[in-house]
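*Asks:* If you read the protein sequences in the order shown, they are chains R, G, S and C.
Letter by letter, the first sequence follows residues 1 to 479 of our numbering.
Letter by letter, the second sequence follows residues 1001 to 1322 of our numbering.
Letter by letter, the third sequence follows residues 2001 to 2379 of our numbering.
Letter by letter, the fourth sequence follows residues 3001 to 3316 of our numbering.
Just so you know, these hints were derived from the structure itself, not from any lab.
None of these values were measured; they are calculated from a predicted model.
Any given hint could be a false lead.
Here are the computed lysine to aspartate or glutamate pairs in the DMTMM-like style, where the Cα-Cα straight-line distance is at most 25 angstroms [as the list claims (entries may be wrong)]:
#1 2107(S) to 1200(G)
#2 212(R) to 200(R)
#3 2107(S) to 1042(G)
#4 2377(S) to 2353(S)
#5 2298(S) to 3079(C)
Here is what each chain is made of, one letter per residue.
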Amino acid sequence: MLSMRGIGKSFLGVRVLSGVDLSVTAGEVHAVVGENGAGKSTLMKIICGVHAPDEGAIEIDGRPVSFGHPIEARRSGIAIIYQEFNLLPERTVAENVFLGREPVRRGLVDRAAMEEATARLLDELGENSFGPRDVVKRLPVAQQQIVEIVKALSVNARLVVMDEPSAALAEHEVESLYRLIGRLRERGVAVVYISHRLREVFDLADRVTVLKDGSRVTTLPIGEITPGELIRLMVGRDLGTYFPPRSAGAGEVRLSLRGAGNHRLRDIDLELRAGEIVGIAGLQGSGRSELARAIFGAEPFTTGEMIPARPRSVREGVALGIGLVTEDRKAEGLALRQSVRDNVLLVARAVGGGNRAAVGGLLERVRLSPARRDQEVRYLSGGNQQKAVLVKWLTMAPRVLLFDEPTRGVDVGAKAAIHDLMRELANDGMAIMMISSELPELIGMSDRIVVLRDGRIAGTLPAGASEEAVMRLAAGEAA
Amino acid sequence: MHLLTRARPRDPAQVLFLALLGLVAAGWALVALDGGQFLTLESVVGIQQRSAALGIVAIGQTLAILAGSLDLSVAYLISLTSLVAAEIMAGQDGNIGQAVAAVLAVSALVGLVNGLVITGLRVHAFIATLGVALIIKGVVDHLYDGPAGAVPESFQVLGYSRIGPVPVSALLWAGVAVAAWFLLSRTRLGYRIYAVGGNEEVARLSGIRTGRVIVLAHVLCSVCAGVAGLLLASRLGAGAPTVGTDGGYDLESIAAVVLGGTALAGGKGGVAGTVAGVLLLAVLDTLFNQLEVNSFVKDVVRGVVIVVAVAVYARRTQGRPA
Amino acid sequence: TTDKPTAATEPAASAASTQDSGTGAQSKFFVQADFDAQLAMRSQTPEGPEDRPWEQAIAPKMIDTAQYKKDGPYHLCFSNAAIDNPWRQVGWKTMQAEVGLHEEIGKFTALDAEGKDDKQISDIAELQAKGCDALIVSPNTTATLTPAVTAACEKVPVIVFDRGVETDCPVTFIKPIGGYAFGADAAEFLTEKVPAGGKVLALRILPGVDVLETRWSAAKVVFDQSDLQVVGVEFTDGDAAKTKNIVSDYIQRHGKIDGVWMDAGATAVAAIEAFEDAGLPVPPINGEDQQDFLQKWKDAGLTAVAPTYPTYQWRTPIIAALRILGGEQVPETWNLPQPKVTGETLGDYLQPDMPPLHYALCGCEDLPGFPEAWGGKKS
Amino acid sequence: MRRALPVLAVLAALLTAIALVNPHFLEPAGFLAFLKRAAPLVILAAGQYFVIVSGEFDLSVGSLVTAEVVIAARLIDGDESATWPVLALLIAAGLLVGLVNGVVTTKMRVPSFIVTLGMLLVLSGAVFLWTGGAPRGALSEGFRVFGRGGLGPVPWSVLILVVLGAAAIRLMRADFGKTLMAAGDNERAAALSGVRVDRVKIFAFMLSGLAAAVAAILLGGFAGVSAQVGQGLEFSAITAVVLGGVTLGGGRGSVPAAMAGAVTLEALFTLLNLYGVSGALEFTVQGVIIIAAIAAGAVRLPRKPTPRTGDAHAAS
Ligand SMILES: Nc1ncnc2c1ncn2[C@@H]1O[C@H](COP(=O)(O)OP(=O)(O)OP(=O)(O)O)[C@@H](O)[C@H]1O
Ligand SMILES: Nc1ncnc2c1ncn2[C@@H]1O[C@H](COP(=O)(O)OP(=O)(O)OP(=O)(O)O)[C@@H](O)[C@H]1O
Ligand SMILES: [Mg+2]
Ligand SMILES: [Mg+2]
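For reference, chain R alone in the conformation it holds in the complex (with noise of 0.2 angstroms):
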């Protein structure tokens, strides 16, 4: 029903998609995979008109179209679940599901059918922890996930798009998730499902295209792949070969967590030391940033100790020692109007100390063009941006410091690059701690794999432990 041809995108000069391909048919799971960045969630937005394409066609039932404006796009029956936040959270949960389509009955918005229809939804999807009246901004991530979902499938539309709609959910969420994909396919609606679980893949889809640096490399029926091949499809090499050498061995505890917890955290015992790169696993909202932004003293520790000393304010993060790149770069990592000098320098300026001159050597060593420096951030490509944030902690030279997503949205070579300077950085004596939702990266990052689950440590693994063996202590199934 849905067919697009040679699309293409950029964004601000960075080629993002280029002559992507893409058919669905009604009835049909079309599983979308491929890196962060590699271009899925632009994709996505093309097809829902959130961005018009710079080339390429796109038809519906044969009939060429072109969205400008998302409402269009879902006129022609189209519904899509965001990969980002999208809701209002004022708002209360019907009032999110119906937004923009409000039900009127003689000119008027029909609460009581709004709110039965959202009830009718939520229970389809086995969820009765929340209701159509209660206010969004009270929910936590998972529920408001599944909000979502909800706001997607009332649409009754004939695609529905879904970019990680299971990123922030338990498995038994995640089971009713698929009970509905399942009622959508009888019913013929076609369905184009992101993920970065494989597993899901494998169980969803009827086909599976992989993207790769914004181009398609192939779609292929789920039979005729396996998950190995398909990783290797997607990242174009063979994941052992590809991440640098690990350390030779730990040096001393750079820093050290007893019982530590606050809000959302619960005695974490963690040991950070120089040499080391530690991975960080677990869901969407298992507390994988709470523990970095807690240890960085964002958001502080309440309880348990913390060696050398617990931080009680970002300034004293700094001062420890400690840097953390953070897991969204356009909101928490970076002055997005400022150039690329004012961020890299601003922990020196806003705190003191710092090495200034150091500045134009650590922009060489990661290789961010000297003709970029005075431009304003914004224009800069993913892998850059976060280039940036990283030399904005190099010039304090940290003792520990914190990666959080550090290649979400970042582009293959980009990625690499960090890769390597992370490792490089541990083997000078730093203490990296790094969070991920990539298992390969992490996997081939860390020298330790500790998992959370619920703000709790889950368990720890040695290096190259087994995808199934970190998500299952992950998503909390007897290991």
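Following the hints, put chains G, S and C with the ligands in place on chain R, whose structure we already have.
*Replies:* Chains G, S and C with the ligands in isolation, oriented as in the chain R frame:
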């Protein structure tokens, strides 16, 4: 910012109505000590008369602010519309129809301009409406150097008649308030005003044409100002080029709205709070009148009250972001 | 029920346009008859005690007030347009002091409308409920306050002063001779002192205020008949900085200004400074009876005149109210004398110990609390 | 700087237009006179710039100016010897008002629009409560010289303007300026980089208060005591800053551009005054030009992403 640290806040409107009761009680006591009587028929009527015009403007302002915008042009628009009304009526009952129509048309047009400058030319609402305010001021000052036109007896009913203790003007205000409440809680436009004010991007991704919503909010806001202009014209028996600015309706309406617990950033709040906010200011006024406190003390107290109130809401609703 | 007065109101305005000499069209507030009357009054000798000009009246047409007679103590009420400028400030102090003189006044209730017509309308309504024996009103604007005053007339004896209303229902309307006289005094002075063909700059505070419109319209008539050339009529908003800027602009543009006419003295000093800062002699100019101007006048030895709009008129309404309640006759229109300060009389009015914005003709020297209450120092 | 181009164009056009009507304007004396007139607004704009670039508003400067002048007059009361102490006091008062604005805004999380609106009411009320409704007292010659006199041909106000302008530019180049910018651009990122967001914002408000104090000294000096002296200055200042291409909401624009905006606005006033057609219509022209100039400078910015918690502290 986190679920667990967030205590369930009471709706500011409720808080405010409680405060209102408290104030009335306090007023009663104070005036009694002063040997007077606080809630005489006249003072009750006075409170309503005094709040009607501001109340109506504030309702409109609420819509603009909820949509994430704001309107600094209302004061001059009020002056303009009072003149339009009085000039067209020219003392003739027969002209009332046209006059009202003209006022609504003029104000709607101004609202449209405000909205289009903001959404189309992408000028910040603050500057856009300030600029439009200047434009109107220029026109008014150019055309008029004093009260003009005449409002026929029959229309002055609006400004002076009352049913028992309730002035017609207060009824008009109530009408506007109910209409706005209805709009916000029962119509799509209302829902979308909240959505756009809450988060324009989310609204857009959910298929809302955010531009239109903002423009409409401004049209409604200006129309409310127009209605206030009609009311004032009927009270003054003529149009006055300074009635809007003398009343300080621009900043006072915004103050009343936030006093009513509507977030200046938009997407949060409602008319109930605004009504309470306006009444609170009016009761304060009356109280000061009765105690013959001079207008300077009044300003000081007003300023403090507004800031403190908003600070209280801020406490209730949000912790500190990381 | 309605709080609306029954009396209809018709704006009384007849324009009289004359040949142009840079003064523009005549104000729609101009009324020839009033103009003539006021100019005539200037030469008439007022009746009443020599030393108490606030009790004097020019050509009074007395009316009987027996129907208002009642026994004290009295409750007097006052609806004030505003106290937002020095003139009203001095007047208000003076009125309060006057009230202090009379123990037969049991209660004095005053509401300040803060310059808002709408508020004054509801203030007047509210005051009627306070059981006042007499209501004094200083209207914020003439036309728009008329209905409210008319309504009040039906309940209590009303005394209007300063600005008028478009109805004769008040028992008495107290005012100095008026704006025409003020404007003419100043204009005539300039026609005397400024050489023929000289360039005159007219500075007005803002348009639309009747008491100010009359001043200008009178000046216009005088200038139109003179051989002076009015090079500009500008509005200053009563803002000193703006006044100074405007004057300097005119000096720049015309090289030389031979006379300055002002409809109010508040910013006269700023205008004078504009000449000083430009290093030019100060041309003939008029101000008002404010101390800073009188001081400047004396120090710089200016050729100047200060027509007045005496603040002692704030005493009269209290006196009038008591007479009315006492059943004594009062003038229907109480025209107070409106002296002007000239080179000869300057000495009598200059009071170095009073604040610069104090008005010399407050008639408050004999009142309790003077001068401290008016911000002055005991000498 | 790109965003400042429209304003510079407008400025050039206005200046030529003025020069056409009034050749004297091009002579040093004429131009200095113009600058002297512009100085207070330009200084106010520079102060307002710090607040706006940090993502806030300061509506209190207008009534602060009035308050300062009235206070000065009452305290000095014509006594020369009181001049310098009072000057010091005015500066302190300005800083104090800024401090209060800043603390309430940042610590109590009240939108600065409201805080400074409240401050506007409080100041205008309090000062006249104190003087009993109208200004009293008088300024000393020593006080007035800053607004009236000059060093040879150059007015003091112009010298003060130059000094303060230079200082403002230095300040924005310094660490404070950079961190302030970052805080205005992305408060979260700044906080997570160790910027004391509250502190820099409070400091910005204090700078605005300081600017108001200086402007008051110049205006009072120029024309003497008056109750209207500060009327509407807050709007003029904000307009000027925005005219200079500084975006409300923070993180963009430069001090020189903001000050250029103020000069432009003043040039506009002067021009309209010179052509002096109808005193009234000039407001209309003013409004149109402001909207047009700013619309010309406006550029589309990519929307800020929403954090997952949705707690993006939108409050202005
Ligand atoms: N609005 C935007 N402006 C600029 N660059 C963008 C924008 N949206 C996406 N990009 C860039 O486009 C590239 C692809 O992003 P996209 O979100 O499509 O990747 P993805 O495959 O969805 O990754 P993930 O698996 O992490 O969701 C990334 O480099 C990202 O930085
Ligand atoms: N119950 C909750 N209440 C409020 N905010 C939450 C809650 N759960 C998660 N969040 C927020 O959602 C985001 C994701 O949660 P968190 O960071 O704890 O998980 P994570 O393991 O870091 O997942 P990810 O890093 O992929 O977002 C965090 O920014 C966190 O602040
Ligand atoms: Mg994605
Ligand atoms: Mg995280």
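*Asks:* If any of the earlier hints don't hold here, list their numbers in rising order.
*Replies:* 1
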